[in-house]
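Q: In this text, residue positions in the sequence shown follow full-length UniProt numbering: the first is 1, and each later residue adds one.
Hints are computed from structural coordinates only; laboratory data are not their basis. Be aware that one or more of the hints could be misleading.
[As the list claims (entries may be wrong)] Think about it this way: if two alpha-carbon atoms lie no more than 27 Å apart in a straight line, the pair counts; the simulated DSS-like pairs of lysine-lysine are: (1) Lys412 with Lys470; (2) Lys453 with Lys152; (3) Lys470 with Lys453.
[Stated by the list, open to error] Here are the computed distance ranges between Cβ atoms for each label pair: (4) Gly156 with Gly392: 41 to 49 Å; (5) Gly21 with Asp161: 31 to 39 Å; (6) Gly63 with Val388: 54 to 62 Å; (7) Asp259 with Asp463: 45 to 53 Å; (8) Glu393 with Glu207: 37 to 45 Å.
In this text the structure is predicted, and so the values were computed from the model without any measurement. By construction, the Cβ of each residue, glycine as well, lies at the ideal position given by its N, Cα and C atoms.
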Amino acid sequence: MKTTDEYRASLRDGRVVYYDGQRVPDVTAHPALRVAVDHAALDYAMAADPRFRALAVVPHPAGGEMSRYFAFPQTAEDLLARMELIETSTRLGGTVVPLLKEIGTDALFALHLVAHEADRARGTRYLDRVRAYHAHCRDRDLAMAVAQTDVKGDRGAGPADQAHPDYYLRVVEERDDGIVVRGAKMHTSVSMNANELIVLPTRAMGERDRAYAVAFAVPVATRGLTLVVSPYGDHAASSFDHPLSSRHRMTESLTVFDDVFVPRDRVFLQGEWEYAGPLARTFVEFHRFTAVSYKLPLVDLLVGAARLIAEYNGIERAGHVRDKITWLAAYAGTLRALTRMAALDCARGALGIAVPDPGTVNIAKLHFATQFHQAVAYVQEIAGGLLVTAPGEADWQQPATRPLLERYLGGKGVDAEARLRLLNLISDVTTSQLGGYHAVLAIHAEGSIEAEKLTIYRTAPMDRYVALAKELAGIAR
1 MKTTDEYRAS LRDGRVVYYD GQRVPDVTAH PALRVAVDHA ALDYAMAADP RFRALAVVPH
61 PAGGEMSRYF AFPQTAEDLL ARMELIETST RLGGTVVPLL KEIGTDALFA LHLVAHEADR
121 ARGTRYLDRV RAYHAHCRDR DLAMAVAQTD VKGDRGAGPA DQAHPDYYLR VVEERDDGIV
181 VRGAKMHTSV SMNANELIVL PTRAMGERDR AYAVAFAVPV ATRGLTLVVS PYGDHAASSF
241 DHPLSSRHRM TESLTVFDDV FVPRDRVFLQ GEWEYAGPLA RTFVEFHRFT AVSYKLPLVD
301 LLVGAARLIA EYNGIERAGH VRDKITWLAA YAGTLRALTR MAALDCARGA LGIAVPDPGT
361 VNIAKLHFAT QFHQAVAYVQ EIAGGLLVTA PGEADWQQPA TRPLLERYLG GKGVDAEARL
421 RLLNLISDVT TSQLGGYHAV LAIHAEGSIE AEKLTIYRTA PMDRYVALAK ELAGIAR
């Protein structure tokens, strides 16, 4: 298993990364990007920390040890342990998930299931490749990113009907030893600081979309692969003003494939268009379970911060404040209960892999997404306008102004420093660029709200509901 230093060293491989208009020769040394590198290294640090080792490390099937992330969940207990590991790493990450192995293993689980299905139906040999690739990542303890969302162009048209043929990633050449792909993916989390990039279809496809029905994996340093990293979230320097975002960050990239060669043994789907949709959906169901697991520290923080700032502001006994805090507690408690239920109601799929219950996972994700902005509004209402009008760290450190802040910005039974630190925490998680990041992710990450609704409708036991209505209405059939 890798150490954090070995992980950082593995990123110095000549990868092509652009940030803020400049080519970045070493992402571990860049003043803005190294924040994301150090944050993501939590996944490796936990394995070496005696406090978390039993949670993060499991026996390797051939002897020795490996990261729990690479272990196939086979029972509800396995899924609950994975949930706890993701929640713990996100709590240590200040509400930002490291995502180095979480998302990659979500993709690997889905690839195993869909490759197994395709091999049985079509006589392909994808499962052997997926198994070999899984072992490659597991035994080297690699960090993985997943590129799924195509740039799409005209959202009303399918891949083959776009004005620009590369708005969806496609195969442009087939060779004896592999394929060549061209196109771009977007919203690619942690690509800048991963070792491997797993590429999946983004949607269901038709026969005319055959060239776009492709799944594969390449090292991030592969020739022809360019990452253009979003600068969003790089302005938090002060740990006093920004206690979370100054230390924790996840980057996203536009991921461009300029005639990238993929060796044959790393191709997991090529042209079998009818499996593009199942692969996209299967990955998302695993990843939405990951998502609701890593949302738990964020919603817990909203409850705790609201209760504490209400006390500091002296309004904890006000009826409307207690109502809002009760609503927040119910919001957080419901999300946790639904996430646990998705694990407890899992189905044992092909190859013995436990799959979280899709209906419950999507109900959990929909609950989080549709209520998040109301939760933020309640916390902001209880906290007050100082979230965006309070003096900053420079004023706190200035001898001429600090006595004024200490005199006037205290709260009920608390000094000004403690109150300012709590207000800065709430501001960072709700009003800063980190807050904006959380707000947009609530709506769009791991699939849209409408996609969650579609899955809930598709998986709901409508026949049972209708049968009950007929029975009680006295309708024979």
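Q: Could you work out which of the previously given hints the structure breaks and list their numbers from low to high?
A: 1, 8
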